[in-house]
Amino acid sequence: MNATGPAQRPATYVALGKRRYRVAHVADPALDGLSDLALCGETIVVLRRQVPELVLLHPDGGLTGETAELAQFACGHGLRSLGDGRLAATDMDGHKIALLDDTLRETARLHCDERPGLGRPFNHPCDCTVGPDGRLYVADGYGNSAVHIFGPDLAHIRSFGQPGRGPGEFSTPHSILIDGRNRLCVADRENNRVQRFDTNGTWLDEITGLHKPMALALTPDGLLLVSDQTPRLSAYDAAGRLVGRCRTFSTYGHGLAVTGNGTIAIAEMSPDRVTLLIPDGA
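Under the numbering used here, think of the first position of the sequence shown as 152, with each following residue one higher.
The hints are simulated quantities; they were obtained by calculation from the structure and are not laboratory data. Every residue gets a Cβ at the ideal spot worked out from N, C-alpha and C, and that includes glycine. Just to be clear, a hint being listed does not mean it is correct.
[Claimed, not checked] Between beta-carbon pairs, the in silico distance windows are:
hint	residue 1	residue 2	range
1	Arg171	Gly373	14 to 24 Å
2	Asp244	Thr163	30 to 40 Å
3	Gly317	Gly360	10 to 20 Å
4	Gly216	Asp349	35 to 45 Å
5	Arg171	Gly317	33 to 43 Å
6	Asp330	Ala158	22 to 32 Å
[To be verified] Using 25 Å as the maximum straight-line C-alpha spacing, the simulated DMTMM-like pairs for lysine to aspartate or glutamate come out as follows:
hint	residue 1	residue 2
7	Lys169	Asp183
8	Lys169	Glu220
9	Lys169	Glu320
10	Lys169	Asp388
11	Lys363	Asp330
12	Lys169	Glu357
13	Lys363	Glu341
14	Lys169	Glu341
15	Lys363	Asp388
16	Lys363	Asp183
17	Lys169	Asp431
18	Lys363	Asp244
19	Lys363	Glu320
Taking the hints into account, I'd like the entire structure generated from these sequences.
Structure, rendered in structure tokens:
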């Protein structure tokens with residue numbers, strides 16, 4: 152310590168493609184046990200693996216003081232925005248997905264009556280996303296190696312995938328989203344790749360060169376962001392070309408979301424905290 156007090160660390164920056172980002176960490180006991188995060192309007196909603204399951208943050212990362220509980224949740228894993236303020240919260244060990252409105256109230260549920268099964272919905276699911284026609288896609292990733300498709304009426308349409316390393320096969324489908332070209336992107340974690348499909352589940356291609364990809368998100372300009380266990384964050388253009396890469400700062404970047412101004416929010420584990428990558432000048 153010097154005579155004027157503790158030395159202040161300098162601002163830290165990373166780069167992804169043509170953009171530079173300032174790094175800000177949000178650490179608080181209220182974030183212990185976090186697993187994922189998503190945007191509800193301009194609010195960052197953090198999903199934790201303990202009660203209360205949901206913790207709300209301001210866009211700058213400050214805690215709002217508001218929390219919410221998810222009924223009968225055993226172990227929250229994934230949280231994703233479905234648009235119009237709606238969220239899908241995935242209960243990994245409760246084998247279900249809760250659909251939430253913009254007040255974080257549960258409005259519907261995809262479930263298996265607590266009867267998990269191999270090859271059918273559900274068996275320790277990881278994540279859920281929505282397609283342009285309102286269909287829901289669930290990455291059923293720990294007990295199963297499958298993606299399940301449900302209609303807007305929540306009726307099961309079909310499932311695809313099986314254990315393996317080939318095209319359309321999975322080993323822990325961990326995160327899922329629809330990209331700007333209506334391709335279904337699946338982080339196939341233990342196969343070290345992101346597989347891409349059409350919205351009916353037909354295999355298109357894959358992105359490799361990753362080490363156990365964890366989470367997926369899209370930037371406002373359409374780049375696909377992938378966190379992995381290196382730990383690092385990679386950005387890919389629509390063709391799947393790597394255009395930027397930086398490291399993440401905890402052991403695992405387990406969840407990703409992007410705000411309207413392009414700030415990248417990372418749910419980091421070990422230590423548990425939210426890290427914000429704020430575009431230079433924002």
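Now for the hints, and whether the structure bears them out:
no. : hint                         : in the structure
1   : Arg171 to Gly373: 14 to 24 Å : holds, 19 Å
2   : Asp244 to Thr163: 30 to 40 Å : holds, 36 Å
3   : Gly317 to Gly360: 10 to 20 Å : holds, 18 Å
4   : Gly216 to Asp349: 35 to 45 Å : holds, 43 Å
5   : Arg171 to Gly317: 33 to 43 Å : holds, 39 Å
6   : Asp330 to Ala158: 22 to 32 Å : violated, 44 Å
7   : Lys169 to Asp183             : violated, 33 Å
8   : Lys169 to Glu220             : violated, 40 Å
9   : Lys169 to Glu320             : violated, 34 Å
10  : Lys169 to Asp388             : holds, 12 Å
11  : Lys363 to Asp330             : holds, 20 Å
12  : Lys169 to Glu357             : holds, 24 Å
13  : Lys363 to Glu341             : holds, 5 Å
14  : Lys169 to Glu341             : violated, 30 Å
15  : Lys363 to Asp388             : holds, 20 Å
16  : Lys363 to Asp183             : holds, 23 Å
17  : Lys169 to Asp431             : holds, 11 Å
18  : Lys363 to Asp244             : holds, 21 Å
19  : Lys363 to Glu320             : holds, 15 Å
Comparing the model with each earlier hint shows violations of hints 6, 7, 8, 9 and 14; every other hint is respected.
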